[in-house]
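Enquirer: What follows is each chain in one-letter form.
There are 2 protein chains.
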Amino acid sequence: VDETFVLHEKLDADTMLVADWPVARVLLMNDANYPWLILVPRRAGLRDYHDVASEDEVALLGEVNKASRILKKITGAGKMNIGALGNMVPQLHIHVIARFETDAAWPDPVWGKHAAVAYEAGAGEVLIEKFNTAAKEF
Amino acid sequence: VDETFVLHEKLDADTMLVADWPVARVLLMNDANYPWLILVPRRAGLRDYHDVASEDEVALLGEVNKASRILKKITGAGKMNIGALGNMVPQLHIHVIARFETDAAWPDPVWGKHAAVAYEAGAGEVLIEKFNTAAKEF
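Those sequence lines, one after another, are chains A and B.
If you read the first sequence in the numbering used here, its first letter stands for residue 6, the second for the next number, and so on.
If you read the second sequence in the numbering used here, its first letter stands for residue 6, the second for the next number, and so on.
Everything labelled a hint here was simulated from the structure, so no lab data went into it.
For clarity, every value in this text was computed on a predicted model and none was experimentally measured.
Hints are not guaranteed to be accurate.
Just so you know, same-sequence chains aren't split out, so a pair can sit in one copy or run between any two.
To be verified - When the alpha-carbon atoms are kept at most 35 Å apart in a straight line, the in silico DSBU-like pairs for lysine-lysine are as follows: (1) 15 with 77; (2) 141 with 118; (3) 71 with 118; (4) 118 with 77; (5) 77 with 135; (6) 15 with 71; (7) 84 with 15; (8) 84 with 118; (9) 135 with 15; (10) 141 with 71; (11) 15 with 118.
From just these sequences and the hints, can you work out the full model?
Expert: Dropping the structure here:
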């Protein structure tokens, strides 16, 4: 069913690849303001969160929760934000964002608040490696 | 397990009761800018979305998706926004918001964008009645 899945060009441009999990492609937003993952179900034609096929929805929920727990653990974040908005990029994607009371947007949502600050050379890769290592224990 | 559940006073003040579903209390935000539901799992001590107990998480996901489908259907919205943020109100609550390209905040997220506009007398109740009637078919 995922033969025609192609990652939206905006998501592709703004992120780095973390991993392909059974349902979702896990991406890291290239924004050093916040540890910020995006999970994109590798299925064509999804727009709203409730569009996810019944055979995928429990697995996808598990992947969202797993990503959230791992990111919270490796960053020590006080709060996780989860969101499926998609007003600008129509391809279904789920935000998993680690929040701190000291971060640039706190306590507001991160979207549209501050321009992205690209990771310094190698810093995104370090976070990805840490995430994928921790994922083995979840 | 839900004996000590008490709805957070801020959520109580900002919303109208729609229904109690098996896991979540369904609330309507008293903001005529957007058809906007909030689902609050009736369990004490939850903060992050990944805190939901494994015996509740599939049912809660079903309730979120059901609320989203119903609200989309009865409002004719073009897009649904789902979010679990909780930076200001620590009690876990899930936003289910019907979005239109003509709404006050489009295409931005609704949070922190415009002050709430209370429903005119009876208008919130009409939407709640419509929602609960449609819910019987879902």
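Enquirer: Each hint should be assessed against the structure and marked as holding or not.
Expert: For each hint, the structure was consulted:
1. Taking the shortest alpha-carbon separations for residue 15 and residue 77, both the intra-copy value of 26 Å and the inter-copy value of 26 Å come in at or below 35 Å.
2. Taking the shortest Cα distances, residue 141 and residue 118 sit within 35 Å of each other inside one copy (33 Å), while across copies they are farther apart (40 Å).
3. When the C-alpha separation of residue 71 and residue 118 is checked against a cutoff of 35 Å, the pair qualifies both within a copy, at 26 Å, and between copies, at 31 Å.
4. For the identical chains of this complex, residue 118 and residue 77 are neighbours both inside a copy (22 Å) and across copies (27 Å), given an alpha-carbon limit of 35 Å.
5. Taking the closest pair of Cα atoms, residue 77 and residue 135 come within 35 Å of each other only inside a single copy of the chain (12 Å); across copies the shortest separation is 39 Å, beyond that limit.
6. For a Cα distance limit of 35 Å, the shortest separation of residue 15 from residue 71 qualifies both inside one copy, at 25 Å, and across copies, at 29 Å.
7. Taking identical chains as interchangeable, the C-alpha atoms of residue 84 and residue 15 lie at most 35 Å apart whether they share a chain (27 Å) or sit on different chains (19 Å).
8. Proximity of residue 84 to residue 118 under the C-alpha cut-off of 35 Å is found in both arrangements, the shortest distances being 18 Å within a copy and 22 Å between copies.
9. Only within a single protomer do residue 135 and residue 15 lie at most 35 Å apart by alpha-carbon distance; the minimum there is 25 Å, versus 38 Å between protomers.
10. For the identical chains of this complex, residue 141 and residue 71 are neighbours both inside a copy (11 Å) and across copies (33 Å), given an alpha-carbon limit of 35 Å.
11. Taking the closest pair of Cα atoms, residue 15 and residue 118 come within 35 Å of each other both inside a single copy (18 Å) and across two copies (24 Å).
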